[in-house]
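Residues per chain are reported as follows:
Protein chains: 2
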Amino acid sequence: MYCLLKLAPLFLAVAVCNGWLFGDFVGKQKEQDEISLWPLPQKFQSSAVAFKLSPASFQIVHAKQSSAGPSCGLLENAFRRYFEYIFGDLKKSEKSRKKVYDSDLVELQVWVTSADPECDGFPSLQTDESYELSIDEPSAVLKAANVWGALRGLETFSQLVYEDYYGVNKINKTDISDFPRFAHRGILLDSSRHFLPLKVILANLEAMAMNKFNVFHWHIVDDQSFPYMSRTFPELSQKRKGAYHPFTHVYTPSDVKMVIEFARMRGIRVIPEFDTPGHTESWGNGIKDLLTPCYSGSSPSGTFGPVNPILNSSYDFMTQFFKEISTVFPDAYIHLGGDEVDFRCWESNPDIQKFMAQQGFGTDYSKLESFYIQRLLDIVAATKKGYMVWQEVFDNGVKLKDDTVVEVWMGNKMEEELQNVTRAGFTTILSAPWYLDYISYGQDWQHYYKVEPLSFPGTDAQKKLVIGGEACLWGEYVDATNLTPRLWPRASAVAERLWSDKSVTDVGNAYNRLVQHRCRMVKRGIPAEPLFVGHCRQEYKGL
Amino acid sequence: MYCLLKLAPLFLAVAVCNGWLFGDFVGKQKEQDEISLWPLPQKFQSSAVAFKLSPASFQIVHAKQSSAGPSCGLLENAFRRYFEYIFGDLKKSEKSRKKVYDSDLVELQVWVTSADPECDGFPSLQTDESYELSIDEPSAVLKAANVWGALRGLETFSQLVYEDYYGVNKINKTDISDFPRFAHRGILLDSSRHFLPLKVILANLEAMAMNKFNVFHWHIVDDQSFPYMSRTFPELSQKRKGAYHPFTHVYTPSDVKMVIEFARMRGIRVIPEFDTPGHTESWGNGIKDLLTPCYSGSSPSGTFGPVNPILNSSYDFMTQFFKEISTVFPDAYIHLGGDEVDFRCWESNPDIQKFMAQQGFGTDYSKLESFYIQRLLDIVAATKKGYMVWQEVFDNGVKLKDDTVVEVWMGNKMEEELQNVTRAGFTTILSAPWYLDYISYGQDWQHYYKVEPLSFPGTDAQKKLVIGGEACLWGEYVDATNLTPRLWPRASAVAERLWSDKSVTDVGNAYNRLVQHRCRMVKRGIPAEPLFVGHCRQEYKGL
Numbered sequence: 000m001y002c003l004l005k006l007a008p009l010f011l012a013v014a015v016c017n018g019w020l021f022g023d024f025v026g027k028q029k030e031q032d033e034i035s036l037w038p039l040p041q042k043f044q045s046s047a048v049a050f051k052l053s054p055a056s057f058q059i060v061h062a063k064q065s066s067a068g069p070s071c072g073l074l075e076n077a078f079r080r081y082f083e084y085i086f087g088d089l090k091k092s093e094k095s096r097k098k099v100y101d102s103d104l105v106e107l108q109v110w111v112t113s114a115d116p117e118c119d120g121f122p123s124l125q126t127d128e129s130y131e132l133s134i135d136e137p138s139a140v141l142k143a144a145n146v147w148g149a150l151r152g153l154e155t156f157s158q159l160v161y162e163d164y165y166g167v168n169k170i171n172k173t174d175i176s177d178f179p180r181f182a183h184r185g186i187l188l189d190s191s192r193h194f195l196p197l198k199v200i201l202a203n204l205e206a207m208a209m210n211k212f213n214v215f216h217w218h219i220v221d222d223q224s225f226p227y228m229s230r231t232f233p234e235l236s237q238k239r240k241g242a243y244h245p246f247t248h249v250y251t252p253s254d255v256k257m258v259i260e261f262a263r264m265r266g267i268r269v270i271p272e273f274d275t276p277g278h279t280e281s282w283g284n285g286i287k288d289l290l291t292p293c294y295s296g297s298s299p300s301g302t303f304g305p306v307n308p309i310l311n312s313s314y315d316f317m318t319q320f321f322k323e324i325s326t327v328f329p330d331a332y333i334h335l336g337g338d339e340v341d342f343r344c345w346e347s348n349p350d351i352q353k354f355m356a357q358q359g360f361g362t363d364y365s366k367l368e369s370f371y372i373q374r375l376l377d378i379v380a381a382t383k384k385g386y387m388v389w390q391e392v393f394d395n396g397v398k399l400k401d402d403t404v405v406e407v408w409m410g411n412k413m414e415e416e417l418q419n420v421t422r423a424g425f426t427t428i429l430s431a432p433w434y435l436d437y438i439s440y441g442q443d444w445q446h447y448y449k450v451e452p453l454s455f456p457g458t459d460a461q462k463k464l465v466i467g468g469e470a471c472l473w474g475e476y477v478d479a480t481n482l483t484p485r486l487w488p489r490a491s492a493v494a495e496r497l498w499s500d501k502s503v504t505d506v507g508n509a510y511n512r513l514v515q516h517r518c519r520m521v522k523r524g525i526p527a528e529p530l531f532v533g534h535c536r537q538e539y540k541g542l
Numbered sequence: 000m001y002c003l004l005k006l007a008p009l010f011l012a013v014a015v016c017n018g019w020l021f022g023d024f025v026g027k028q029k030e031q032d033e034i035s036l037w038p039l040p041q042k043f044q045s046s047a048v049a050f051k052l053s054p055a056s057f058q059i060v061h062a063k064q065s066s067a068g069p070s071c072g073l074l075e076n077a078f079r080r081y082f083e084y085i086f087g088d089l090k091k092s093e094k095s096r097k098k099v100y101d102s103d104l105v106e107l108q109v110w111v112t113s114a115d116p117e118c119d120g121f122p123s124l125q126t127d128e129s130y131e132l133s134i135d136e137p138s139a140v141l142k143a144a145n146v147w148g149a150l151r152g153l154e155t156f157s158q159l160v161y162e163d164y165y166g167v168n169k170i171n172k173t174d175i176s177d178f179p180r181f182a183h184r185g186i187l188l189d190s191s192r193h194f195l196p197l198k199v200i201l202a203n204l205e206a207m208a209m210n211k212f213n214v215f216h217w218h219i220v221d222d223q224s225f226p227y228m229s230r231t232f233p234e235l236s237q238k239r240k241g242a243y244h245p246f247t248h249v250y251t252p253s254d255v256k257m258v259i260e261f262a263r264m265r266g267i268r269v270i271p272e273f274d275t276p277g278h279t280e281s282w283g284n285g286i287k288d289l290l291t292p293c294y295s296g297s298s299p300s301g302t303f304g305p306v307n308p309i310l311n312s313s314y315d316f317m318t319q320f321f322k323e324i325s326t327v328f329p330d331a332y333i334h335l336g337g338d339e340v341d342f343r344c345w346e347s348n349p350d351i352q353k354f355m356a357q358q359g360f361g362t363d364y365s366k367l368e369s370f371y372i373q374r375l376l377d378i379v380a381a382t383k384k385g386y387m388v389w390q391e392v393f394d395n396g397v398k399l400k401d402d403t404v405v406e407v408w409m410g411n412k413m414e415e416e417l418q419n420v421t422r423a424g425f426t427t428i429l430s431a432p433w434y435l436d437y438i439s440y441g442q443d444w445q446h447y448y449k450v451e452p453l454s455f456p457g458t459d460a461q462k463k464l465v466i467g468g469e470a471c472l473w474g475e476y477v478d479a480t481n482l483t484p485r486l487w488p489r490a491s492a493v494a495e496r497l498w499s500d501k502s503v504t505d506v507g508n509a510y511n512r513l514v515q516h517r518c519r520m521v522k523r524g525i526p527a528e529p530l531f532v533g534h535c536r537q538e539y540k541g542l
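Sequence lines, in order, name chains U and R. So in numbering that gives the first Met the number 0, spot 54 of the first sequence is number 53, and the numbers just go up one at a time. So in numbering that gives the first Met the number 0, spot 373 of the second sequence is number 372, and the numbers just go up one at a time.
There's no promise every hint is true.
[Unchecked claim] Calculated pairs, DSBU-like style, for lysine-lysine (alpha carbon to alpha carbon, straight line, at most 35 Å):
hint : chain 1 : residue 1 : chain 2 : residue 2
1    : U       : K169      : R       : K169
2    : U       : K522      : R       : K51
3    : R       : K522      : U       : K540
4    : U       : K198      : R       : K540
5    : U       : K384      : U       : K412
6    : U       : K522      : R       : K169
7    : R       : K169      : U       : K240
8    : U       : K240      : R       : K366
9    : U       : K198      : R       : K198
10   : R       : K383      : U       : K240
11   : R       : K169      : U       : K198
12   : R       : K51       : U       : K169
13   : R       : K449      : U       : K522
None of these hints come from the bench; they were simulated from the model. Bear in mind that the values here come from a model prediction, so they are computed numbers and not experimental data.
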């Protein structure tokens, strides 16, 4: 074995002098690679027939019949992105050093069938993400109604390519027909408890696309900080206790645009959450009289509670603020929060008490909460946006628009809540079992994986109202240093649950694929943490 | 506030148009910075008198009386390192743009008092790490017996410097007399369950120095993989199931040298662990007959157990192997493991059974284990090295050299074990309460912080035998993607417990300092995770 020690840098020389060794190591790898689709497609047929792909001759192209062409920037960017994912970010010198093989498979034709490919559009809750993928000599064909399905198919295609013993890229003869089980597959990130640099948000959008997530629920502000830089009310982020810092810890209008465009290019909706009337401490210094002054006995204590629901000025502010939000964020939905309102401050305030009496609310402060929310919903409805709300808003009997999405987040009585919300005819998404900020020793991804969102008792019509779910990574304990490895591949478990067929529940099989999928994410630059002992052929290159 | 929005990049212009704002934000920061020493020095006196430091005129220099001078590479490197930590990695253009202030404090004189400064030596268990630091106009003086104390004092000096309202670096008039409470303050990293790229190991050595840790316990091989590339037995890492990969997942002799030298420059000992007779699955393919063949009924099952203790060849191998290890690793100690030996394979093997009978061991396989360990210890003792062992070796009554260090790792009956080990007169280190691979939601650093290593019942002489402890980050769930943020700042809690006075136990005070210390680590490029909500002035720039 001394030969090996001396010739370590000369890969081929070693392979010659220790042929058995080379085969051994690489062979072990190959087997694993072939079965690593994530999330698993709905219909999948594969044969042992393998086609070679060479970076020098393989291309991703628009099919002749496609309604999309070179002017479709979204697809052009996706072609480049997936070419690089498949062949690595080849520098010129590396490329020329690599032996050029002829490709058996010369191209992937991407065929968008609808008259409008939606190249410049935005994905929506109604978006058709289905696609068909046929890998055969000499051309593979990816067929989708529009660019959104094409994006999903490109990801799948890139996952099918593997390296054989000799480092040659190969893909097996395959037929796939795929579509998501649920239309809303989201990740919640919280940029208030800790500010998340743009780079972190973009990297996670990239990882979301690798897992076919399609909603970025941006919990952008909360008690702790207000990093959203508003054009209409810049004081919100600029005043003390607004953003953590008025220059370095804010999202400028350009930053927000960049997030939305980066997400759009990957078929991801951006739904911002501006949670009121609670969770608003950071709003207080920017907007005079917005928050309720709390009282200690008969005088103000100097602290503030939820949004003051008895002043017209509060609603005037919300009208202007959400007018801005409705133009900045293109998605049809805004998340309005409405969770965890602490009544103690309202209870302490004599003006609020008086208002309660006038309205005949007695001492039921949830009625006051509903009073506020009702007016807010009407304000937002006037902007022509739909809204999402946390479950309390529904629980408190607020009158909601028919297209409202109720987010079920409370772990106790989750099934009962799903029953109630859907019985009332509202669409709902589930996040209760997927609070990924809670961590524990070992493979907790399996718990997320085993959740069946439709296991609650209810009619078929009720089940259809469950349009998806979200993995939530609240920000108390995560920032740029640890967010990405904590989220991935744990969120991947949720991704497969929300995309693949209900019958895809084999944890052992999932483990084998997920090990490879996480290595693929690592190879693509995402520091996804390991599931258990083992290694990736290419380990993470960052820190 | 529109002025601010438009002029955001022009920092000074904004400060003029919103003077209040600038002060507000930076002021909040300053207060926090001033109290962020970690770990807290033994004796510390500070005044409100502050001296300015300018990167253009401040210098770290050898004192005239010092026994160390410019030929002391270790100190020269440390001077440069700490200069950069204090003033940032100034590029020339940045430096010239920065306003040059005169320094009130023109230099830090580093005065090594011993005739031999130990510039080219290695730290040891006996090393004197004490130092005295006096900050006064015009020169600060750092006094230490040798380079090791000087390194600790440089870290402290760098932690005393803060930026005021105007971004000017300042340091207060201060007197510090400092020394560690415990001599052995270690971090265990495991490069077998997952391979840790060199970069990750070096970054964590850097973080260790920031926390005054002084032992890197390198659990370098285990069942899962054998990344140590042996000169004498290269097959160990090169054969299938040795290293995860024979080229990309090994530590070459140069790599090991680099780790040792990088650690030495920071006053850190490197103690490698080669754990036998259990935890050796990865050794099996490289060395014929080293592991015990397990039997299923009357025939070998094809699987293997611990090192085969009945063959002379096993001891011949160990003799040669540890001869190499004793020359490669300069530290006076080698960790020999000896934990968690599974007896089932030995029990199944008829040759072992026969040997047991011959030796009169009956069916007490711990006697066989002791038989093996005893011979191994004698082999290692012949190399003139001392050894560390896990507690089972002591528990099983193996005869140990007087200078053996017994590592107490089992959580149950930890105090009883410390009593027993010290009653028998052995030195011991504690890792049981500091298994940082176990994670949970929230601020678990507080649990690590609250541990008092000497709380067990025993005489003063017994307590003196507790020479320190180790924070262990076993590798089942960590690799390059998540190791560093998972370790820091949780391990910092252990650092202060092992360095500072026993009376330093105020968790609230520790929280405030640790928040700032973790931001300091982030600023220096270490992705230390957040303790709770909040922000750092400079967030992590990686992913």
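Quiz item: Within 35 Å, alpha carbon to alpha carbon, are K51 (chain R) and K169 (chain U)?
Solution: violated, 63 Å
Practice problem: Would you mind confirming whether the straight-line C-alpha gap from K198 (chain U) to K540 (chain R) stays at or under 35 Å? | Solution: Roughly 9 Å between the alpha carbons, so the hint for K198 (chain U) and K540 (chain R) holds.
Quiz item: Is the Cα-Cα distance between K383 (chain R) and K240 (chain U) 35 Å or less?
Solution: Violated: K383 (chain R) and K240 (chain U) sit about 62 Å apart, past 35 Å.
Practice problem: Measure nothing beyond the straight line between the CA atoms of K384 (chain U) and K412 (chain U); if it is 35 Å or shorter, mark the hint as holding. | Solution: holds, 30 Å
Quiz item: When you check the alpha-carbon spacing of K449 (chain R) and K522 (chain U), does it fall within 35 Å?
Solution: With a Cα-Cα distance of about 40 Å, the restraint between K449 (chain R) and K522 (chain U) is violated, given a limit of 35 Å.
Quiz item: Is K522 (chain U) within 35 Å of K51 (chain R), Cα to Cα?
Solution: violated, 47 Å
Quiz item: Does K169 (chain R) lie within 35 Å of K169 (chain U) when you go C-alpha to C-alpha?
Solution: violated, 61 Å
Quiz item: Are the Cα positions of K522 (chain R) and K540 (chain U) separated by 35 Å at most?
Solution: holds, 20 Å
Exercise. Quickly compare the C-alpha distance for K240 (chain U) and K366 (chain R) to 35 Å and report which way the hint goes.
Key: violated, 66 Å
Exercise. Would you check the hint for K198 (chain U) and K198 (chain R), treating anything up to 35 Å between C-alpha atoms as holding?
Key: Measuring from Cα to Cα gives roughly 22 Å; hence the hint holds.
Quiz item: Given the proposed pairing of K169 (chain R) with K198 (chain U), does the C-alpha separation stay at or below 35 Å?
Solution: Cα-Cα ~32 Å, so holds.
Self-check item: 35 Å Cα cutoff - pair K169 (chain R), K240 (chain U)
Solution: Measuring from Cα to Cα gives roughly 26 Å; hence the hint holds.
Checked against the numbered hints above, the structure violates hints 1, 2, 6, 8, 10, 12 and 13; every other hint is satisfied.
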